[in-house]
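One point on numbering: in the working numbering, the residue at position 61 of the sequence shown is 60, and numbering is uninterrupted.
Any given hint could turn out to be false.
Taking lysine-lysine and the BS3-like style, the derived pairs with C-alpha atoms no more than 30 angstroms apart in a straight line are [stated by the list, open to error]:
1. 83 <-> 97
2. 55 <-> 40
3. 132 <-> 118
Since the hints were derived computationally from the structure, they do not count as laboratory data.
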Amino acid sequence: MPVFRKQPKRSLHTIIRELVERTNTDTGRIRVLEQEGNIFKSRVNTLEQDMLNQRKQIQASLSGFESRLAKQEEMLRKLEKTIKEIVKELKKLASVAKIKGLEHLIDIYNPIKSSFITKEEAERLVEEKLAEKAK
Numbered sequence: 000m001p002v003f004r005k006q007p008k009r010s011l012h013t014i015i016r017e018l019v020e021r022t023n024t025d026t027g028r029i030r031v032l033e034q035e036g037n038i039f040k041s042r043v044n045t046l047e048q049d050m051l052n053q054r055k056q057i058q059a060s061l062s063g064f065e066s067r068l069a070k071q072e073e074m075l076r077k078l079e080k081t082i083k084e085i086v087k088e089l090k091k092l093a094s095v096a097k098i099k100g101l102e103h104l105i106d107i108y109n110p111i112k113s114s115f116i117t118k119e120e121a122e123r124l125v126e127e128k129l130a131e132k133a134k
């Protein structure tokens with residue numbers, strides 16, 4: 000068996016017609032490939048645009064988040080400062096025990112509730128007691 004068969008003789012017109020058909024077929028295939036390539040490029044461009052838009056949105060969201068976070072941090076600092084000031088002021092205030100002690104002292108020295116005597120009355124009482132003992 001021969002490897003190459005001899006082709007029957009064809010006319011020049013047949014050969015040209017076959018070449019034109021092959022060229023037309025190849026041209027059609029190339030057009031299809033170009034269209035598919037253009038569709039692919041279009042999809043890639045759309046994806047790139049979507050990614051850029053999403054990136055911008057994420058950056059805007061992050062920027063807003065950072066801004067809100069900075070405000071929260073500032074509010075927290077102010078709150079801590081206010082709490083420290085309140086604690087400082089509370090330390091200056093009298094405790095319950097000190098107030099009870101002051102109430103007790105006020106009750107002792109209250110002239111309405113207590114019976115005070117004058118110096119002269121004390122001297123007279125002492126003289127009376129001494130006089131009673133001397134008798």
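Hints, one by one, checked against the model:
1. 83 <-> 97: Holds, because 23 angstroms separates the two Cα atoms, which is no more than 30 angstroms.
2. 55 <-> 40: holds, 22 angstroms
3. 132 <-> 118: holds, 21 angstroms
Violated hints for the displayed structure: none, as all numbered hints are satisfied.
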